[in-house]
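Could you put the whole structure together from the sequences, leaning on the hints where they help?
Quick note, the sequences are listed as chains A and B, same order. The opening residue of the first sequence carries number 24 in my numbering; numbering runs sequentially from there. The opening residue of the second sequence carries number 158 in my numbering; numbering runs sequentially from there.
For the record, the hints were derived by calculation from the structure and aren't laboratory data. There's no promise every hint is true.
[Said to hold, decoys possible] So the derived label-pair ranges between C-beta atoms look like this:
no., chain 1, residue 1, chain 2, residue 2, range
1, A, M103, B, S238, 46 to 56 angstroms
2, B, R231, A, T135, 27 to 37 angstroms
3, A, I309, B, H285, 21 to 31 angstroms
4, B, H228, A, S174, 52 to 62 angstroms
5, B, R231, A, L180, 38 to 48 angstroms
6, A, A28, B, S217, 54 to 64 angstroms
7, A, T130, B, A190, 32 to 42 angstroms
8, B, G212, A, T130, 17 to 27 angstroms
9, A, R127, B, N199, 26 to 36 angstroms
[Claimed, not checked] Computed from the model, here is a short list of chain B residues facing chain A with C-beta under 10 angstroms:
no., residue
10, R231
11, I232
12, P236
13, E240
Note that the structure is predicted; figures quoted are calculated from it, not measured. For glycine and all other residues, C-beta sits at the position ideal for the given N, C-alpha and C.
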Amino acid sequence: MDWAASNLNSLYDLVCRGLDALLPFSWISPAFMKTPFLMMLILCPTAAAVGTVAVNARMSFFTEALSHSAFTGVALGIMMGLHPTLIMFAFGCAVALAITFLRRNATVSMDTAVGVMLSLSVALGVVVITATKFRNADRFLFGDVLLTEKSDLGMALLLAVIVFGFLALTYNRLLMIGLDARLARAWGVNTFIYEYLFSLLVAVVVMMSVASAGVLLVTALIIVPAAAGRSLARGAGSMFWCSVAVSLVAGVGGFIASFYLNSATGGTIVLAAGAIFGISVIYRAIRG
Amino acid sequence: MSSIVPSIAIRDLSVSLGGRNVLDKINLDIPSATITAIIGPNGAGKTTLLKAILGLVPYSGTIAFGENGSHRPRIGYVPQSMEIERENPIRVADFLVLTSRIAPLWFGMGRSEIARIDSALDRVGAMHLASRPIGKLSGGEMQRVLLAKVVAEDREIVLLDEPVSGIDVSGEKVFCELIEEIQAEKRFTLVLVSHDLSVVARHARNVVCLNRQVLCAAEPLVALSPENIARLFGPSQLVTHSDTHTHDDHAARN
Numbered sequence: 024m025d026w027a028a029s030n031l032n033s034l035y036d037l038v039c040r041g042l043d044a045l046l047p048f049s050w051i052s053p054a055f056m057k058t059p060f061l062m063m064l065i066l067c068p069t070a071a072a073v074g075t076v077a078v079n080a081r082m083s084f085f086t087e088a089l090s091h092s093a094f095t096g097v098a099l100g101i102m103m104g105l106h107p108t109l110i111m112f113a114f115g116c117a118v119a120l121a122i123t124f125l126r127r128n129a130t131v132s133m134d135t136a137v138g139v140m141l142s143l144s145v146a147l148g149v150v151v152i153t154a155t156k157f158r159n160a161d162r163f164l165f166g167d168v169l170l171t172e173k174s175d176l177g178m179a180l181l182l183a184v185i186v187f188g189f190l191a192l193t194y195n196r197l198l199m200i201g202l203d204a205r206l207a208r209a210w211g212v213n214t215f216i217y218e219y220l221f222s223l224l225v226a227v228v229v230m231m232s233v234a235s236a237g238v239l240l241v242t243a244l245i246i247v248p249a250a251a252g253r254s255l256a257r258g259a260g261s262m263f264w265c266s267v268a269v270s271l272v273a274g275v276g277g278f279i280a281s282f283y284l285n286s287a288t289g290g291t292i293v294l295a296a297g298a299i300f301g302i303s304v305i306y307r308a309i310r311g
Numbered sequence: 158m159s160s161i162v163p164s165i166a167i168r169d170l171s172v173s174l175g176g177r178n179v180l181d182k183i184n185l186d187i188p189s190a191t192i193t194a195i196i197g198p199n200g201a202g203k204t205t206l207l208k209a210i211l212g213l214v215p216y217s218g219t220i221a222f223g224e225n226g227s228h229r230p231r232i233g234y235v236p237q238s239m240e241i242e243r244e245n246p247i248r249v250a251d252f253l254v255l256t257s258r259i260a261p262l263w264f265g266m267g268r269s270e271i272a273r274i275d276s277a278l279d280r281v282g283a284m285h286l287a288s289r290p291i292g293k294l295s296g297g298e299m300q301r302v303l304l305a306k307v308v309a310e311d312r313e314i315v316l317l318d319e320p321v322s323g324i325d326v327s328g329e330k331v332f333c334e335l336i337e338e339i340q341a342e343k344r345f346t347l348v349l350v351s352h353d354l355s356v357v358a359r360h361a362r363n364v365v366c367l368n369r370q371v372l373c374a375a376e377p378l379v380a381l382s383p384e385n386i387a388r389l390f391g392p393s394q395l396v397t398h399s400d401t402h403t404h405d406d407h408a409a410r411n
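Given below as structure tokens:
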């Protein structure tokens, strides 16, 4: 562990020196701005990559439900006297598995399954928060990428490697399942494994993003760049690259804009992504 | 192409959906490397039988493939219709490799893969669709694309549900002839569900009359006798019934 930490530290120092050389601007020069900027450079493309598959499978509402369960997870952790972040991840994964189970096995549609689980987890959150007198909810509701610590970067990097590695092996089949799960199964795809693993992946990305973007904005971080990328794309491959590119442009643009406008960073990034989405819709309408 | 071309042996197959017995103790042998048509009235369980073969619905009884029943064949399925959002940007060429290719489409396709896809699309007369987004395909075009998938992937058993349901009447004949040609070339076991008895009479070598149970399984001349048709669809139906039905379907869609 020490070995890994010292290597990560020297990598971090190297990247920071690189940033100073490449971007000699006032918004990035303070040391406390570099960590959040790097966090955003890791998180935005990771969220957008997952979003590409989630949007194709009409899972926007599913993502929304998971982000709300993060709040309940934290409250549960505090109530039980356990590590809140750990419980948040565990609770998010449990909600993701429960929704996937309901959708696959019960005679309810995806939006009903998600709606029921969303209501239940929010209700549980309200009950727990009231009981524990948990008053420090703002950070989870709104998040703040500027509060990112150096230690968070290692986790985010690990998550990004897992997400891109998983998608590199499953992207094509996940797209097929998103188009028509029954057809995918008929053509020999093991939808059971893919659907459960992908729901877990979305849960982990959502939980990881909560601290940076907040419960209210996580969905936007995952869905909006992917929606814009989809409008701009001309194929399954370019859909992925367009989404990642939109998230990076919105991430960097929003980050810089928030520095000069003195606005909330997460919100500004999502607004920038929203602006690109608007442009992409107009482009799509013109292209036909 | 694979050397093993399995048949399907179905024993005591029952499927119950929502408390209703859709298929009731079916026993049926589907011969290999030939065209078998399944006919029957609405609600007879034709599509359910295909889904049971595909393992998409829970069932009791056994479905065995191949001579000793242990071979799990590569099955291709062409459903009646698919609901894909119109704005979906996935192209037909991408769609054709989604289930067969591991490397993500982020890095594009290699030349040999493009050539393989193009030749499969060319074989079904759909070369012009290669770069079309799948959201913009009509029902008939989608079936043609799935037929190209069958060609590209050398499937041993192919299940077609209402192969002419998304096609206009003039395209119907061409499409059925194409299916028959490809089947003769690739020698896979083809099972098709059809409302259209003229299609069945022209193309199938074996006909299964199904109405929750197998009423008859024989060659077309025997299975499509007026007595059998009356027994299957009711006494007022004639063989021409199906042609009217297809035209009605087409009119309803427009």
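Hint by hint, where does the structure go against what was stated? Just the numbers, ascending.
none
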